[in-house]
Amino acid sequence: MSSDLDQKNQKIYVAGHRGMVGSAIVRNLESLGYKNIIARTHVELDLTDQGAVKHFFEQEKPDQVYLAAAKVGGIHANHTYPAEFIYNNLMVQSNVIHQAFLSGVKRLLFLGSSCIYPKLAQQPMSEDSLLTGKLEPTNEPYAVAKIAGIKMCESYNRQYGLSHHIDYRSVMPTNLYGPGDNYHPENSHVVPALIRRFHEAKITNAPEVLIWGTGTPKREFLYVDDMAAASVFVMQLDKKIYDQHIDPMQSHINVGFGSDVTIAELASVVATATGYQGKIGFDSTKPDGAPRKWMNSSKLNRLGWEPKTNLLDGLRSAYQEFLSRT
Numbered sequence: 058m059s060s061d062l063d064q065k066n067q068k069i070y071v072a073g074h075r076g077m078v079g080s081a082i083v084r085n086l087e088s089l090g091y092k093n094i095i096a097r098t099h100v101e102l103d104l105t106d107q108g109a110v111k112h113f114f115e116q117e118k119p120d121q122v123y124l125a126a127a128k129v130g131g132i133h134a135n136h137t138y139p140a141e142f143i144y145n146n147l148m149v150q151s152n153v154i155h156q157a158f159l160s161g162v163k164r165l166l167f168l169g170s171s172c173i174y175p176k177l178a179q180q181p182m183s184e185d186s187l188l189t190g191k192l193e194p195t196n197e198p199y200a201v202a203k204i205a206g207i208k209m210c211e212s213y214n215r216q217y218g219l220s221h222h223i224d225y226r227s228v229m230p231t232n233l234y235g236p237g238d239n240y241h242p243e244n245s246h247v248v249p250a251l252i253r254r255f256h257e258a259k260i261t262n263a264p265e266v267l268i269w270g271t272g273t274p275k276r277e278f279l280y281v282d283d284m285a286a287a288s289v290f291v292m293q294l295d296k297k298i299y300d301q302h303i304d305p306m307q308s309h310i311n312v313g314f315g316s317d318v319t320i321a322e323l324a325s326v327v328a329t330a331t332g333y334q335g336k337i338g339f340d341s342t343k344p345d346g347a348p349r350k351w352m353n354s355s356k357l358n359r360l361g362w363e364p365k366t367n368l369l370d371g372l373r374s375a376y377q378e379f380l381s382r383t
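Just so we're on the same page, our numbering is the position in the sequence shown counted from 1, plus 57.
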């Protein structure tokens, strides 16, 4: 990349700018002084439409692309709409990556998911555990699409990296939460679901909040603005430094908080963040899910990045944003 001023003037396309991660990336880039950020809503540009994506890239000719657009959802949504999850995500990725290449985009960042790793991967899950075992069945179609995105970036680098000077990278975030999250009563993930439940319990003076499972499974959570900062950090890394830490056929980088908490501990912190003072109970007749999902982020840490937002501060910020919507 050229000088800092030249880089700040580059045209950057953030695909999925209205989503939780995409909007955080836009916030981060703006805070760093980037002025030339372009975006399109789904109504303005359907990323599953190859012709429309081709026209967009030919017209706009961005210098960099952050590919944060994806069809996402919880277990219920993944189980109900598996065909939509694999089709939409494969089409979006294929169209954006290929048209970015054809239009001369030199640097692209693809955002994946921790679900790419095998269901029984050794904890903490390191990058080299990819494709070493069976995936979690409930979100396999989504995971397969994300794995395809990683491999697509790698394949374009291997075939066109030297001849066309392209550098397409991938980051895999752990469980994210924060501004822009989905608080739907049925389709939300664990953090927004708990924020909503504890808030409603506080408003109605409910004596107890009952949570599914035993509370013993452990999960890792990262504040979305930290994820955005990590994404920009990885995107801006000098190619020589980046290449020293990755393999051409295993080039993705994990982005995690670095430690995990039990669901019981999470519930307690959510209660504190929302101001709920009643009891917290656990329904052990309900399923727990995987006993642990924890990312090994040592590669990113060695490159020089660490998260800044602790769980309580992040949850307080997320709760304030939730209140602003209600």
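Certain hints may be false.
Subject to a maximum C-alpha distance of 20 Å in a straight line, what follows is the list of computed PhoX-like cross-link-like pairs (lysine-lysine) [as the list claims (entries may be wrong)]:
| id | residue 1 | residue 2 |
| --- | --- | --- |
| 1 | Lys118 | Lys68 |
| 2 | Lys208 | Lys163 |
| 3 | Lys297 | Lys336 |
| 4 | Lys65 | Lys296 |
| 5 | Lys163 | Lys336 |
| 6 | Lys275 | Lys343 |
| 7 | Lys336 | Lys259 |
| 8 | Lys68 | Lys111 |
| 9 | Lys191 | Lys208 |
| 10 | Lys68 | Lys163 |
Hint data in this document are derived by calculation from the structure and do not stem from the laboratory.
Here is how each hint holds up against the structure:
no., hint, verdict
1, Lys118 x Lys68, "holds, 8 Å"
2, Lys208 x Lys163, "holds, 17 Å"
3, Lys297 x Lys336, "violated, 53 Å"
4, Lys65 x Lys296, "holds, 18 Å"
5, Lys163 x Lys336, "violated, 54 Å"
6, Lys275 x Lys343, "holds, 16 Å"
7, Lys336 x Lys259, "holds, 11 Å"
8, Lys68 x Lys111, "holds, 17 Å"
9, Lys191 x Lys208, "holds, 17 Å"
10, Lys68 x Lys163, "holds, 12 Å"
Consistency with the previously given hints fails for numbers 3 and 5, ordered from lowest to highest.
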